[in-house]
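2 protein chains.
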Amino acid sequence: MNEITVSGFRASSGAAGVKAPGKASRDDMALVAADSPAVAAAVFTRNIVQAAPVRVAAENLKSGRCQALLMNSGNANACTGEQGIQDARELCREVAERLGCPETLVVPASTGVIGTPLPVQRMRPIIPTLAARLRPDGFSSAARAIMTTDTFPKLSVRRGSFGKREVTVLGFAKGAGMIMPNMATMLCAIITDAAVTQDALALALRQAVDQSFHRLTVDGDTSTNDMVLAMASGAAGNKPITRYDPEVAQCAELLLGCTLELARMIARDGEGATKFVEVIVRGAPTRESARAMARKIANSPLVKTAFYGHDANWGRIICAAGTSGVQFDPERFDLRFDDVLLVSNGVRVSDEAEEQAHEVLKHSAFTVTLDLKAGPAQDSVFTCDLSADYVRINAEYRT
Amino acid sequence: MNEITVSGFRASSGAAGVKAPGKASRDDMALVAADSPAVAAAVFTRNIVQAAPVRVAAENLKSGRCQALLMNSGNANACTGEQGIQDARELCREVAERLGCPETLVVPASTGVIGTPLPVQRMRPIIPTLAARLRPDGFSSAARAIMTTDTFPKLSVRRGSFGKREVTVLGFAKGAGMIMPNMATMLCAIITDAAVTQDALALALRQAVDQSFHRLTVDGDTSTNDMVLAMASGAAGNKPITRYDPEVAQCAELLLGCTLELARMIARDGEGATKFVEVIVRGAPTRESARAMARKIANSPLVKTAFYGHDANWGRIICAAGTSGVQFDPERFDLRFDDVLLVSNGVRVSDEAEEQAHEVLKHSAFTVTLDLKAGPAQDSVFTCDLSADYVRINAEYRT
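The listed protein sequences derive, respectively, from chains A and B. Taking my numbering, the leading residue of the first sequence gets 998, the next gets one more, and so forth. Taking my numbering, the leading residue of the second sequence gets 998, the next gets one more, and so forth.
Since the hints were made in silico from the structure, they are not lab data. Fair warning: there could be bad hints in the mix.
One copy or any two copies: either way a pair holds, since identical chains are not told apart in the list.
Cross-link-like lysine to any residue pairs, in silico, SDA-like; alpha carbons within 25 Å at most [what the hints assert, rightly or not]:
#1 1359 to 1386
#2 1236 to 1250
#3 1016 to 1350
#4 1370 to 1043
#5 1359 to 1130
With these hints in hand, go ahead and build the complete structure from the sequences.
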């Protein structure tokens, strides 16, 4: 991915030993900078406990502009009180001085352990290095620097055109620990050289996030630090897209292309995950109810452990569906694993179907489709299985 | 517990090989019978997918009377369509014939795998044996017969008096797989020789269940088969308690004594559990909000794996609290592990406190207390940790 560049942006990374002084062996800070103030929009966690960087970011982004994004792994700077706010601001100030821009144009983003003060004394000295290292092809190393328990960096690129101008959208992200409520932080940065007004960018971003990252997590059940930031430089030279232009839909599509690929990568890379599963609910009264039920199924530990054990345990799936708050007729639904119809009108089809479903569950990726036959709507959610490794990773995370 | 008897009731157990023909090595059916029709009340699962025995039980209990309870482990008779209803009725009919009572006075209760037809041909022949074996001290073996992944049988006895009459309440239960949404079935039978009217028994049971079993599971997030049945023979000879008598509160207390002890046993015996944890939320605006937040914390996989790893990871606890839908000030709360104050006004107290909290988490039982300082109300929830064994047990449950 080294050759990928987006006009008007550069990035870099460096090692500060954020998590522990002796552990500076890998990069844990990243900087994304625009050549000049970029149009910016963001989506933040809905957790009422918001980390210091989220609060500073929201404050600084009120102008609708942003010139730099400073990211770190190893420490979330969450539940750190007033000191946490001051720490985040101090780092932003240092970036601003190095880049020669106002402090309020710098956005901080952190991920890692909650409740431990940010080691500013180790992080601040790295910032001049980050500024000096900024390169148009630095995004791959930036994506690597923000990884926590991720096993691979996550980047996605989409290209399109507005009028005669080619535009590029590049997104990179770090994963949630697992696709379940209250899981570890998800951070995502999206940059584009398209020219777009702030309200149009905000609209396109909301639409893209709703169709991608919001299919990974339960509404409101996000971490203290979740954040998706989009920045548009306008360097592509297209006529700026406003929220009333038809191109705003195309812009949202481009963003969605990135965020959907990143969301799938995150599910695939869930902590300890051995399987990627898309849970589809169709025939629902509304899209909202379809998604609510798909989430309930995808979040059930019993369902997830059955996936891990290659067990086509449809009873657990129906049990989870029955507690989603969505009405349906338990004697009417169909259930499929990929194309294998295992349950028809609420009753298991046959031993053969169960054997075939068992084979589907041995694959590393499959779909579960629940058809309620109760309406026209459909939605789906991405998830992964729950393995013994997940427990090991999270029992040992801080120790 | 062999000596415990309750006037007017007998119980027995037997081995039918419900789960698989060759596996009749341990008892998997139990029968509880009253000498004459007893006053009865029940609380059922709120899952909209209700197993056949739940539906038959609800139907039969409309009379407010019950003479026998037939229980089995190994098969939940859930998602089995019309055949499941017929199967449950057929077994009730057989019991009724053996006991010489109307079929509608027999209540069925099942737990085990969902979606597999009930092996009536193996179960029905055992019923005459169950009837023949009925003994006043048969409850201990009945409690053992309904175990699934439980590691010990769960019985609880309370004694009290109404007027000059001594009364006994005996409850036995099998556990939920784990204290989380959508987990395996909980069944509980409570018998007493107290004389009590049907509406008074129903009221007392609702109050007892609300303060015990409902502190184990999220409202509406129960299995397809959950059921608590209370039966009162009146053999103690006290003046029958009506719902307008002050004694109804005392009756509820007696039931609560049993159900609370059983609820704690179930949490202690959660699948793979190594720790029993009571999550207390105090200083909340209302009891409902306190319980909602305690549940959210108790159900977080990240919190539960941290308990398993002896990690006093208060950041995960606050993160879960922040998504519970309950408003609070993140800069005002206190957090304790047992008596160790780890977080004061939203900020960690000290390294020493963290070290002490770490020691608390090594215990097999402890409390987590979150004080929101936002109101007068308090409630608590019982839970356990999430271990690698939990995943193993549930990945292999059917295979």
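Do the hints match the structure? See the list:
In this homomeric assembly, residue 1359 and residue 1386 come within 25 Å of each other (Cα to Cα) both inside a single copy, at 18 Å, and across copies, at 21 Å. With identical chains, the CA atoms of residue 1236 and residue 1250 are at most 25 Å apart within one copy only, with a shortest distance of 18 Å there and 74 Å across copies. In this assembly of identical chains, residue 1016 and residue 1350 lie within 25 Å of each other by CA distance solely across copies; the values are 20 Å between and 50 Å within a copy. Within a single copy, residue 1370 and residue 1043 get their C-alpha atoms only as close as 33 Å, which misses the 25 Å cut-off; across copies the closest is 22 Å, which meets it.
When the C-alpha separation of residue 1359 and residue 1130 is checked against a cutoff of 25 Å, the pair qualifies neither within a copy, at 45 Å, nor between copies, at 46 Å.
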